[in-house]
Amino acid sequence: MHPYSLEMRQIAAAAEERDRPAVVTPLAAIADAVRGALRADPEEVSTRRLRLLDTVDCRLTRLGWRLEAEPGGTGTEQWRLVSASGRVRATAELPSPAPKLVDDLPEGPLYQALEPIAGIRALCPGPWINLTEHRATLRDTESKVRCRLLAQTAVVDGNGDRRSAVRVGRLKGYKADAGRIAERISRHYGWSPSAPDPLAALAESLHPGPKGAAYPSVTDPAEPAGPALRPVLQALLDTVEHRAEGAIADIDCEELHDLRVAVRRSRSILALLRADPPDPALERASAFFAWLGQVTGPARDLDVHILDWRAHRRRVPEHAADLEPLGRHMKAERDKAYTRLVRILQSKRFRDGVKRWRATLDATNAPWAASERALQPIGRLAGRRIRKLYRRAVEEGSAITDASPDEALHALRKTMKKLRYVFEIVRDAYPRKPVRAILKTLKELQQDLGDVQDTAVQADALRRFGEAMARNDAAGPATLMAIGALAEDLELRRADARTRFAAVFAPVAKPRFADRLRRLTRSRTGGGR
Amino acid sequence: MRVVACYNIKGGVGKTATAVNLAFLAAREGGRVLVVDLDPQGAATFYFRVKPKVKGGGKGLVKGKRDLDDLIKATDHDRLDLIPADFSFRNLDLMLDAEKKSKKRLAKLLKPLADDYDFVFLDCPPSVSLVSEAVFHAADALVVPLIPTTLSLRTYAQLGSFRDEEKLADLQLVPFFSMVDRRKSLHRQVVDRFPDDHPEAATVSIPYSSVVERMGTERAPIGAFAPKSQPAAAYESLWAEIARRLR
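Sequences listed follow chains A and B, in order. So in the numbering used here, spot 40 of the first sequence is number 40, and the numbers just go up one at a time. Take the position in the second sequence, starting the count at 1, then add 1000; the result is the number in the numbering used here.
For reference, chain A alone in the conformation it holds in the complex (with noise of 0.2 Å):
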């Protein structure tokens, strides 16, 4: 038996009784244990003390990237974005507190590497970490390292969550090596080299991902509409609740933005199950989510306001300074909004809607199930939707023409979300590829509208927040002027989005698209017409 054998097992076991990962610590014994012909420097410990910082819905885990903020020097923050490969894709130094936004971060690799990926979504820190590193390095005769060894140990301040593992690295050219060592450390302590990086793991149980489902789909188009929009409903509902103590929390705009749209999916599906005569709890619903989705519009409209403004900022830099007072004035305003959103999301009559509703949800004899809307096959009746909306929209959008009033592409707009989402609701019983086709054409379809609409919704309160600042004496000529060059150009974007509109309409009015529609609507649905 090996000489070091019996005390690595020995922690090893200690370990295993408490039920943790074997807890790494005289690495340089194991080094010596496995050296073979090699020869190992003296261990090197360190420790580290950072936090991990994902999105609300965690899509630098679910990447496998982690982003690592430890102190810097005073008043600063270290910054690591780490790839799924272990790679440092990029590093930054940033005063502390760090920007909560990637938009707020300084220009260089990191925002480069971080925009794609966070978009507009607020970046969170998560608990403290304790990170310990024990590093021995094999070298042959020639001095040469061989072989690296790490042994780590992170453990989360507060609850005590603790991963570890030794990597043995594999270096290009000695990787015969790294296997030998990796073997042995394994055969003579039972610890697995392959074992997933601490942090990374740690990144995995601390961002597991969203709360709530934002966009439940139904599976089997044969099921009952009832049961089968029951669970989908309920996870919206999920979404509503989890998203609104967000919004309460003010983490990141986005949350607000899921929260609308989980109210506006859940009124599609009320708008399918709608019964003649109605049904009150059905009724009562659908107006619980009407006034919500009324009550909630000013401060996500100022939330686009405010990301469009520092999108444009980082696009006109010599504007940039020109445009912080209207700035700080739709900050102002925003906190007004969200002040007001906080009390809506916090009375009586927000709690009650979602109790209401809950309940009504989860009884099992509930009338609005029995309705004979609700027991018709879900693919039947949504795809008979479907095809209605569509035909409505090609309605709408074939009338609109160069000299029709935006109002005309709002409502064609309008038609065309309640179409992608009843679409969604069901896109997991179809098959995926000519579902991902459609969807993509109406999207570009869907976006150019929100395009045309959002530039004129902007101009427009650009132009009342300008009146508001130059009333209050809050914005000099330059101020005034930025803001009117941005209005200008909103107003050229908005051109542009009508002008695109045509080329965007046409392949969703095409027959090939109306008759991939119908057939596949009409397809695995019990037939409905």
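Just so you know, the hints here were simulated from the structure itself, not pulled from any lab data. A portion of the hints provided could be inaccurate.
[What the hints assert, rightly or not] No farther apart than 27 Å at their CA atoms in a straight line, the calculated lysine-lysine pairs in the DSSO-like style are these:
#1 Lys1111(B) x Lys1100(B)
#2 Lys1228(B) x Lys144(A)
#3 Lys1111(B) x Lys172(A)
#4 Lys1051(B) x Lys144(A)
#5 Lys348(A) x Lys336(A)
#6 Lys172(A) x Lys1051(B)
#7 Lys417(A) x Lys440(A)
#8 Lys1111(B) x Lys175(A)
#9 Lys175(A) x Lys1063(B)
#10 Lys510(A) x Lys443(A)
#11 Lys443(A) x Lys433(A)
#12 Lys1010(B) x Lys1059(B)
#13 Lys1108(B) x Lys172(A)
#14 Lys172(A) x Lys1063(B)
#15 Lys144(A) x Lys1053(B)
#16 Lys175(A) x Lys1053(B)
#17 Lys1108(B) x Lys1167(B)
A quick note: this is a predicted structure, and the numbers were derived from the prediction, not measured.
Got chain A sorted already, so can you dock chain B onto it with the hints?
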């Protein structure tokens, strides 16, 4: 991936020291770096403590029979790898000559590494040969160490003509002075006057120093054993200038 060749027609001017130190600095900044030791003397290979042996020798390398990745050895420094020299590289000219499109062969061999490395440094043998031409075709920049002597300047002029003959207008030339002893008036004069006729010259010079010679006993880049020395600072400035030009 940017390819930087450390080249001069003359030998003993500091090509290997330049390749090794610049590669170390590029890796220290976070870049993924590969050094290719094309010189059969294998000085760069020696500095990195790697055995001067390539599976299949120069022929295997040139023919591309073996995946280039199999020839790569990790050095003792993070993100810094090496394709070591092999004594058979003394015949690299002949081996290249036996291939089709021999001048573009090296560029073709390096191309698959583009996803794995940000910088490749070529440590070239001192000569004007088919290997040099292949290097010129593969490189984005030719970093040319010059000793401040008249003969050295003459070889740089020859190099410029050679580049023009080969119609490689995109190939950046970055001459700089190494082994500069500012106590010598000739060195001072040459270093001060050269940029007048050669605006492409780097503004940094590497001083003559025993620290550079210690690379042979330490078998490591200067930044690893004497990071605060004068030559270390000079190489850092030189790399900053070259990295800026490569962007």
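Here is how each hint holds up against the structure:
| no. | hint | in the structure |
| --- | --- | --- |
| 1 | Lys1111(B) x Lys1100(B) | holds, 17 Å |
| 2 | Lys1228(B) x Lys144(A) | holds, 24 Å |
| 3 | Lys1111(B) x Lys172(A) | holds, 19 Å |
| 4 | Lys1051(B) x Lys144(A) | holds, 10 Å |
| 5 | Lys348(A) x Lys336(A) | holds, 20 Å |
| 6 | Lys172(A) x Lys1051(B) | holds, 14 Å |
| 7 | Lys417(A) x Lys440(A) | holds, 13 Å |
| 8 | Lys1111(B) x Lys175(A) | holds, 24 Å |
| 9 | Lys175(A) x Lys1063(B) | holds, 25 Å |
| 10 | Lys510(A) x Lys443(A) | holds, 16 Å |
| 11 | Lys443(A) x Lys433(A) | holds, 15 Å |
| 12 | Lys1010(B) x Lys1059(B) | holds, 25 Å |
| 13 | Lys1108(B) x Lys172(A) | holds, 22 Å |
| 14 | Lys172(A) x Lys1063(B) | holds, 22 Å |
| 15 | Lys144(A) x Lys1053(B) | holds, 15 Å |
| 16 | Lys175(A) x Lys1053(B) | holds, 17 Å |
| 17 | Lys1108(B) x Lys1167(B) | holds, 19 Å |
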